[in-house]
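The listed protein sequences derive, respectively, from chains A and B. All the letters of the first sequence, read from the start, carry residue numbers -15 to 477 under this note's numbering. All the letters of the second sequence, read from the start, carry residue numbers -15 to 477 under this note's numbering.
Please note that the accuracy of each hint is not assured.
Treat identical chains as interchangeable: a pair holds within one or across any two.
[Stated by the list, open to error] Here are the simulated SDA-like pairs of lysine to any residue, each with C-alpha atoms no more than 20 Å apart in a straight line:
1. Lys477 / Asp451
2. Lys394 / Gln322
3. Lys157 / Tyr142
4. Lys394 / Glu456
5. Lys455 / Glu358
No lab work stands behind these hints, which were simulated from the structure alone.
Here is what each chain is made of, one letter per residue.
Protein chains: 2
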Amino acid sequence: MSLTCLSTVPRYGVQEIIISGPEGGNPFADEHITGTFTHDGEILTAPGFYDGEGRYVVRFMPSFEGEYTYRITASFLGEAITGSFTVTLAQAGVHGPVKVADTFHFAYADGTPYRPVGTTCYVWHLQTPKMFEKTLETLKASPFNKIRFCVFPKHYDYNHNEPFAYPFAAAEKAPGQDYAWDFSRFDPVYFRHLECAIQRLGEMGVEADIIMLHPYDRWGYSRMTLSQMQHYFRYLVSRIGAYRNVWWSLANEYDLMPEMVTEDWEALAGTIQQHDPYHRLTSIHNCFGFYDHTRPWVTHCCLQRQDLYRTTELVDTWRKEFGKPVIVDELGYEGNIQHGWGNLTGEELTRRFWEATIRGGYAGHGETYFSDKEILWWSHGDVLHGTSPARLQFLRDFLDALPGPLEPWKSNWDDRCACVPGGEEEAPPVIVYYYSFMRPSFRDFTLPEGTAYRAEVLDTWEMTRTDCGIKEGSFRLWLTGRQYAAVCLTRVK
Amino acid sequence: MSLTCLSTVPRYGVQEIIISGPEGGNPFADEHITGTFTHDGEILTAPGFYDGEGRYVVRFMPSFEGEYTYRITASFLGEAITGSFTVTLAQAGVHGPVKVADTFHFAYADGTPYRPVGTTCYVWHLQTPKMFEKTLETLKASPFNKIRFCVFPKHYDYNHNEPFAYPFAAAEKAPGQDYAWDFSRFDPVYFRHLECAIQRLGEMGVEADIIMLHPYDRWGYSRMTLSQMQHYFRYLVSRIGAYRNVWWSLANEYDLMPEMVTEDWEALAGTIQQHDPYHRLTSIHNCFGFYDHTRPWVTHCCLQRQDLYRTTELVDTWRKEFGKPVIVDELGYEGNIQHGWGNLTGEELTRRFWEATIRGGYAGHGETYFSDKEILWWSHGDVLHGTSPARLQFLRDFLDALPGPLEPWKSNWDDRCACVPGGEEEAPPVIVYYYSFMRPSFRDFTLPEGTAYRAEVLDTWEMTRTDCGIKEGSFRLWLTGRQYAAVCLTRVK
Chain A
-15 MSLTCLSTVP RYGVQEIIIS GPEGGNPFAD EHITGTFTHD GEILTAPGFY DGEGRYVVRF
45 MPSFEGEYTY RITASFLGEA ITGSFTVTLA QAGVHGPVKV ADTFHFAYAD GTPYRPVGTT
105 CYVWHLQTPK MFEKTLETLK ASPFNKIRFC VFPKHYDYNH NEPFAYPFAA AEKAPGQDYA
165 WDFSRFDPVY FRHLECAIQR LGEMGVEADI IMLHPYDRWG YSRMTLSQMQ HYFRYLVSRI
225 GAYRNVWWSL ANEYDLMPEM VTEDWEALAG TIQQHDPYHR LTSIHNCFGF YDHTRPWVTH
285 CCLQRQDLYR TTELVDTWRK EFGKPVIVDE LGYEGNIQHG WGNLTGEELT RRFWEATIRG
345 GYAGHGETYF SDKEILWWSH GDVLHGTSPA RLQFLRDFLD ALPGPLEPWK SNWDDRCACV
405 PGGEEEAPPV IVYYYSFMRP SFRDFTLPEG TAYRAEVLDT WEMTRTDCGI KEGSFRLWLT
465 GRQYAAVCLT RVK
Chain B
-15 MSLTCLSTVP RYGVQEIIIS GPEGGNPFAD EHITGTFTHD GEILTAPGFY DGEGRYVVRF
45 MPSFEGEYTY RITASFLGEA ITGSFTVTLA QAGVHGPVKV ADTFHFAYAD GTPYRPVGTT
105 CYVWHLQTPK MFEKTLETLK ASPFNKIRFC VFPKHYDYNH NEPFAYPFAA AEKAPGQDYA
165 WDFSRFDPVY FRHLECAIQR LGEMGVEADI IMLHPYDRWG YSRMTLSQMQ HYFRYLVSRI
225 GAYRNVWWSL ANEYDLMPEM VTEDWEALAG TIQQHDPYHR LTSIHNCFGF YDHTRPWVTH
285 CCLQRQDLYR TTELVDTWRK EFGKPVIVDE LGYEGNIQHG WGNLTGEELT RRFWEATIRG
345 GYAGHGETYF SDKEILWWSH GDVLHGTSPA RLQFLRDFLD ALPGPLEPWK SNWDDRCACV
405 PGGEEEAPPV IVYYYSFMRP SFRDFTLPEG TAYRAEVLDT WEMTRTDCGI KEGSFRLWLT
465 GRQYAAVCLT RVK
């Protein structure tokens, strides 16, 4: 028996303990391995997994600095293996995993606010190595701090290629069968590549919103039995759950999965809860009707809009309905393909982000410009062509400069208002108005007596911020007279 | 006693019989005059009115050519006066009054289709004579075949001037009172000017959608008692009801009228029905909630949108709800004033027209560009500044070239479809798709077996129509890839 274990790990990094063990039979199904990690501040038991070629692995993310001891037990070990390691300072820029904070918002484990400005590239990691690198390079220069993508390959318009490998071991095909799998055995090569993608994203500060199941499938992965799915969920959670930037999305368009009923989803959520000691953020994404996001295992609402005309305009309604953070991760894509969900202007996509923001919620980007080479950011990654990302960077910079998250406030029927809440009875430190597709030449404002605010007029499309000076009492602000204007009032007295 | 009567009147013109009578007392309230007009095809009794200075007038619109006899009775006449006149051919371009046709649409009395493309200029007729003429000139060069305007002057933002005259006789003011009226006496000068406006519009083929009451008022006209309002309604209907282009709109934003309840509106509708032998088109326009448009006296729905984001997208819903033609006469205005209803882009206003059209309904234009001179088309008329009117002309030309009205048909979730219905089991003669704010690069179509259609791609903003040739079976059309595209398929086999 051999064992490898890092002697030092940075806080929120990954300790990886590797033990040799049996290769015979089906180790994926027949053997199990578990690690318990102990520190003054936490005791955490993490499931391990079989990585092929006699390698058994337990991964662990430490949440504290200092000494940890571990204790590994396994079906093939006579007695537990113990040891210790040191957890050092977190690496520069690492703030830990993202959690729900203030009911409707998010923060990293160390308290740093996290404001999701996400994108979707369903199978970017399954493209060529060159495009894989290009996508990471594009992301690095982008506003995106979260990316939704699938574990499994995708079969859909513009998505007809085969992946470099498959998640499951091949089985013997029956006559006329295109694919056959042994769902009890995984291909570690496939998952190591997925981990590489997650790690690379983590290094860039990008959250990996992992879509565990999806219906766009010619391989048969959407038609596994529940117990096969649970076996796969256990394996996936054990393998990648220690990476601090992992979020669980049970499915994309769960309601299009051909044979699944609510009980199945609940069982799968149970599998995650049982095997994920970190309680990573967990959601389930719809096509038509929303899942019941009040279920206790749902940490935040990951929503596709249900109406062609009203998308993020309903975020405040959904906040009230579910009492959790709302991310409208599919509000349509900037692009020009044939499908109605994939041919928005950059202006409209940006507007939908601001409509979510001003209602105390969040949105997700995606891009689907027609390409006869079938390379669209939405699935493949590569490079961005659209006009919205620059504006989403402007939005993200605006949000990052605020002293706290935006909450819906005293809106008028024809502007939406949010504020960074102050204490009770106190005028808020920041008030924001957003004018959407309207084009007011001016608006009139009245501030609470005894307060003064610096007024700024924003053009969220032209990405300008114009200082209009200190205001008290009632005053008129001349705006841009163009669409997508906003006003930001920052308290100075 | 003197009597004047035209010896010949064109069909759908106005016969005006004037009789001298008493000036003493209050002829507006104390006297009455009525005419009965008889022809092989119709017998019609029309109320007359007092026009001041001893002039009593009965107006009549003949619907048939040939000989008419008349019989005038009045409270001040010992016996009826009779006579006859000849009705000649309608003047060139005159098709008679507009009526509801095919449940959801309109046609002139002679069967010519009427497709409303209306605008709103609330008090254009109460501006200077120079601007009055300028407005008519602008209308003449515009796409608009209907205009909504008020009988009474308007008090609101950008509307603070006094009219050249007042509809009622002045009464003695109490101390501190700005205005005082004898609501039992009218000022014929005021109404003659209104009639001039209606006639001038009629000569241009523009329908006059007359707003009988409205809440934007500093003169007290919105606070008359019900019986005062009924007295005024009787007078107005008797005076202008004979003009073929008159439509009755009981009120603009009826639900903002300070002291009115449903029973009052029903009583006023009854007054119209009792005194209007022509059964002119009659509607009532909301601010918030719709009136009950299923009421039998409501001929068509004249609606203001209720939702900031969905306006004419709901036209098919409202058609089903009310079973009558739907005109969304206030869907927001093109402009840039401070109010959210008055600062749409020309693109958005035009899109809302097409959304109404593709759902088998109609829409109304309005324009509110900021003017420190307080001259805005929406109230004052004068000239148009916007980008939508040219596109509405394109829409009107498109509609006018169709062989019948558009009815909603087999829509997809991401395009709206309408057709000019054919017979049962028959493929329709024309099929139209509209893509709204979406930007499909192409769409795929399948035609019924055995049919062939000429395919055209429309850019409703750039106002282009591109012939793509004859198509059969399944085919792909490459579209503009820009917003506001449409497809028109015209059956050739």
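Verification of the supplied hints:
no. : hint            : in the structure
1   : Lys477 / Asp451 : within (17 Å within a copy, 64 Å between copies)
2   : Lys394 / Gln322 : between (39 Å within a copy, 18 Å between copies)
3   : Lys157 / Tyr142 : neither (27 Å within a copy, 78 Å between copies)
4   : Lys394 / Glu456 : within (18 Å within a copy, 56 Å between copies)
5   : Lys455 / Glu358 : neither (53 Å within a copy, 27 Å between copies)
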